[in-house]
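There are 2 protein chains.
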Amino acid sequence: MMERRQPIPVEEAIKKVHQYEKHGKVEWVPLKDSLGRFIAEDILADHDVPAFDRSPYDGFALRAEDTKEASSEHPVEFEVIDHIGAGMVSEETIGPFQAIRIMTGAKIPDGANVVIMIELTKTFEKDGTSYMSLKRPLKSGDNISRQGEEVLKGNVMVKKGTSVTPGVTALLATFGYAVVPVVKKPVIGIISTGTELLQVSDAMEDGKIRNSNLSMVYAQVLEAGAEPLDLGGVSDDFDKSYHAVKEALSKVDILITTGGVSVGDFDFLPAIYEKLGAEVLFNKVAMRPGSVTTVAAMPNGQLLFGLSGNPAACFVGFELFVKPIIYKWYFKEKPFPAFAEAKLTHDFPKANPFTRFVRAAFQFTGSQLSVTPTGLDKSSAVTSIAEANCFIVLPGGTRGFQAGDQVRVLLFQLEGGGSTCWMTN
Amino acid sequence: MMERRQPIPVEEAIKKVHQYEKHGKVEWVPLKDSLGRFIAEDILADHDVPAFDRSPYDGFALRAEDTKEASSEHPVEFEVIDHIGAGMVSEETIGPFQAIRIMTGAKIPDGANVVIMIELTKTFEKDGTSYMSLKRPLKSGDNISRQGEEVLKGNVMVKKGTSVTPGVTALLATFGYAVVPVVKKPVIGIISTGTELLQVSDAMEDGKIRNSNLSMVYAQVLEAGAEPLDLGGVSDDFDKSYHAVKEALSKVDILITTGGVSVGDFDFLPAIYEKLGAEVLFNKVAMRPGSVTTVAAMPNGQLLFGLSGNPAACFVGFELFVKPIIYKWYFKEKPFPAFAEAKLTHDFPKANPFTRFVRAAFQFTGSQLSVTPTGLDKSSAVTSIAEANCFIVLPGGTRGFQAGDQVRVLLFQLEGGGSTCWMTN
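Residue numbers (the UniProt record's numbering), protein chains in the order written: chain A, 1 to 425; chain B, 1 to 425.
Check before you lean on any hint, since a few could be wrong.
[Said to hold, decoys possible] Lysine-lysine pairs mimicking BS3-like chemistry, simulated, CA-CA at most 25 Å apart:
no.	chain 1	residue 1	chain 2	residue 2
1	A	K25	A	K139
2	B	K32	B	K160
3	B	K159	B	K343
4	A	K184	A	K343
5	A	K32	A	K160
6	A	K284	A	K22
7	B	K22	B	K184
8	A	K350	B	K32
9	A	K139	A	K160
10	B	K122	A	K284
11	B	K159	A	K251
12	B	K350	A	K139
13	B	K251	A	K32
14	A	K343	B	K343
15	A	K284	A	K184
16	A	K32	B	K185
17	A	K343	A	K15
18	A	K184	B	K32
19	B	K334	A	K32
20	A	K323	A	K159
21	B	K184	A	K334
22	B	K323	A	K32
23	B	K32	A	K323
24	A	K32	B	K32
25	B	K334	A	K343
[Said to hold, decoys possible] Here are the in silico distance ranges between beta carbons for each label pair:
no.	chain 1	residue 1	chain 2	residue 2	range
26	B	G36	A	L276	29 to 37 Å
27	B	S250	A	D127	17 to 25 Å
28	B	F238	A	K343	55 to 63 Å
29	A	D237	B	K135	29 to 37 Å
30	A	A361	B	G36	12 to 20 Å
31	B	A403	A	D127	56 to 64 Å
32	B	Q368	A	S133	52 to 60 Å
33	A	K68	B	Q368	53 to 61 Å
34	B	L376	A	D142	21 to 29 Å
[Stated by the list, open to error] Here are some, though not all, of the chain A residues that point toward chain B, as calculated from beta-carbon distances under 10 Å:
no.	residue
35	F52
36	G111
37	L171
38	L281
39	C314
The hints are simulated quantities; they were obtained by calculation from the structure and are not laboratory data.
The beta-carbon is built from N, C-alpha and C at its ideal position, and this holds for glycine as well.
Make a model of the complete structure from these sequences and hints.
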């Protein structure tokens, strides 16, 4: 019964999983529904920006040559022959000593080659006609935003694999993407194993606990932008579990199970992988929590993530192994989270025989990142996942750490990690 | 036409807006739909954790008093009378020199007062009966996780105003919240003003630009967890604009307009506020971009945010003024974003007559935060919003900054700011 397992280093485990990267197909969604999705094709500028020569100020458009003689002593007067706001196009052509009043963003009228800001002019009426005068010579081309000076038509504006943020939607709108090519979401099935599990809506029962991993992993899948599929629970029964897993595989891109991967007497996942003909990539990782995390691959490359039934280990297992695979599905260039150093605010006296992932919260003191474990006392063990926004990563083979020590932190909520494993960044 | 406006400091503007904070009502949603929502009532533990005395290991439960004589030379033998996994409850009561094989998480059987880890025992069969022997005396109570040692029933587990993360869903599930009390989302109307605006699906037209602010603000509202309502565009016509705004107010909790707040000849918002009887809290802020940002309050306290039509200014205006008001609606204790210092990676030679918000991207070098403006050259002006994940905040009255200088950054994607204005943190 006491199966011997060979633990492998975290980094090696991550790399093994990433040999089975897959990418999603494209689908088109309305721009309004694209927030948080991932771009499936390079987004091109469909026009120059600006699309036409335009005024960067509220002012007057005119011919620079008419201002040659202007000075404080000898203001030059211009007849104001039109008045246009952004979006309007004047039908007039500016002739000698004529000007058109123009608002920010409006197209430079024909005949004009310069704009003067409204604050530098004086306006007045004479015989029912509007006039403007100015006191300085102007240089042709001044105060004109030139067509294409920011972007040329055909430029790549948003790269494939970029996640759609509000700022990205502004680009998509500018370039006419009323529907957006995004990567189809992978369907990620979740099977909960364990006789001890009650439904969330169940009353408490002796010896049992409510299934919190399902809701947590479901939310982690959503947060990673994928499509969770709750495939229900299976009890600690081999045949039922085997059939549930087998059936699930036909419905999903990736399958997650929670529980059942330990070496306990009722942990059937290892035997299920064997019967399915799946290759077990690893079934023990040199880390805490989550050492029993198991990942297997079907002959067609479909991944089965066997996460621990322990909630903290389950959470870590998802963030380390599943989330980057989802981001890779989306062509994300850097699918791994930001990895930084931080100053430890409290002692962490536990020794670390293996790489330890400590649930923690980071904060800034000036420009210095500091980090506090969220599970320092027993009463907060339950809430430590809820309060954590990063992991402190303590190397295996180290003794305790003290307040003030520099430690490495995996900022799993932040982008900015590498293109391969975060540990090697 | 050239209205005089009195600019007020950013901090004062933020404080004025927050005099009109409102809070949302409660609604109940299924746990699976609660990710990203905000908790409307304190979440209580509905049971102790652990809910019963349980085993933290795979091992054997037995009576400590029977182990008194155990030693390496004299192992003590126990009859194994049952075998339970997590979720199972043994019906047996342990008597002298009896043990029950017990898996992690299972309830301690009646009669037992200690658990020994499986690794410290030897199991064998004798005449068809299972036995276990051990070689050391045990202390009553060892290796038992006591009922309530982590959480006592009635404890507050998640505070009102907390946003639901995957970790929080685990707590909600544990304590039986199959439906979750969350704050009803505020409906945030968006009206686009400007004759120059084309729809995203429109072909380009001379003198016009596509409306990118609508999609961007719509996405910003979604990202802040609120309910956007696209109320269409109005052209630069006073009466139409007035009626559109008036009608909109009856449909929304908060109204955003984009454009029309400048002092250009076709900017009607100021006159609309006046005709509505709204109090203008400010119509000029000592900042760049976004100096024309205007906020007004109706007599009933309903807020009207007049954001600039310039995309960068519009983006900043939302993050500074609208987002924290949404978070306050959700009872968020600290509605302002994280504010930190960072090392500037590039020169930023522009002088800053007013507080300047520079779109930028942050990264970590070790534990040191550094920051790079995303709009350093003209060609990236269009993409600078899309690439930004923070603002560098340069104080008004300063000259340029150089690479290596420490600057302040507003990390608008990160929580962790203060309960009042971020500038005073």
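Now for the hints, and whether the structure bears them out:
{"no.": "1", "hint": "K25/A / K139/A", "result": "violated, 53 Å"}
{"no.": "2", "hint": "K32/B / K160/B", "result": "holds, 19 Å"}
{"no.": "3", "hint": "K159/B / K343/B", "result": "violated, 35 Å"}
{"no.": "4", "hint": "K184/A / K343/A", "result": "violated, 40 Å"}
{"no.": "5", "hint": "K32/A / K160/A", "result": "holds, 19 Å"}
{"no.": "6", "hint": "K284/A / K22/A", "result": "holds, 24 Å"}
{"no.": "7", "hint": "K22/B / K184/B", "result": "holds, 12 Å"}
{"no.": "8", "hint": "K350/A / K32/B", "result": "violated, 36 Å"}
{"no.": "9", "hint": "K139/A / K160/A", "result": "violated, 43 Å"}
{"no.": "10", "hint": "K122/B / K284/A", "result": "holds, 24 Å"}
{"no.": "11", "hint": "K159/B / K251/A", "result": "violated, 38 Å"}
{"no.": "12", "hint": "K350/B / K139/A", "result": "holds, 23 Å"}
{"no.": "13", "hint": "K251/B / K32/A", "result": "holds, 20 Å"}
{"no.": "14", "hint": "K343/A / K343/B", "result": "holds, 18 Å"}
{"no.": "15", "hint": "K284/A / K184/A", "result": "violated, 32 Å"}
{"no.": "16", "hint": "K32/A / K185/B", "result": "holds, 18 Å"}
{"no.": "17", "hint": "K343/A / K15/A", "result": "violated, 28 Å"}
{"no.": "18", "hint": "K184/A / K32/B", "result": "holds, 21 Å"}
{"no.": "19", "hint": "K334/B / K32/A", "result": "violated, 29 Å"}
{"no.": "20", "hint": "K323/A / K159/A", "result": "holds, 21 Å"}
{"no.": "21", "hint": "K184/B / K334/A", "result": "violated, 36 Å"}
{"no.": "22", "hint": "K323/B / K32/A", "result": "holds, 19 Å"}
{"no.": "23", "hint": "K32/B / K323/A", "result": "holds, 19 Å"}
{"no.": "24", "hint": "K32/A / K32/B", "result": "holds, 23 Å"}
{"no.": "25", "hint": "K334/B / K343/A", "result": "holds, 23 Å"}
{"no.": "26", "hint": "G36/B / L276/A: 29 to 37 Å", "result": "holds, 35 Å"}
{"no.": "27", "hint": "S250/B / D127/A: 17 to 25 Å", "result": "violated, 49 Å"}
{"no.": "28", "hint": "F238/B / K343/A: 55 to 63 Å", "result": "holds, 58 Å"}
{"no.": "29", "hint": "D237/A / K135/B: 29 to 37 Å", "result": "holds, 35 Å"}
{"no.": "30", "hint": "A361/A / G36/B: 12 to 20 Å", "result": "holds, 19 Å"}
{"no.": "31", "hint": "A403/B / D127/A: 56 to 64 Å", "result": "holds, 59 Å"}
{"no.": "32", "hint": "Q368/B / S133/A: 52 to 60 Å", "result": "holds, 56 Å"}
{"no.": "33", "hint": "K68/A / Q368/B: 53 to 61 Å", "result": "holds, 55 Å"}
{"no.": "34", "hint": "L376/B / D142/A: 21 to 29 Å", "result": "holds, 23 Å"}
{"no.": "35", "hint": "F52", "result": "holds, 6 Å"}
{"no.": "36", "hint": "G111", "result": "violated, 16 Å"}
{"no.": "37", "hint": "L171", "result": "holds, 5 Å"}
{"no.": "38", "hint": "L281", "result": "violated, 24 Å"}
{"no.": "39", "hint": "C314", "result": "holds, 9 Å"}
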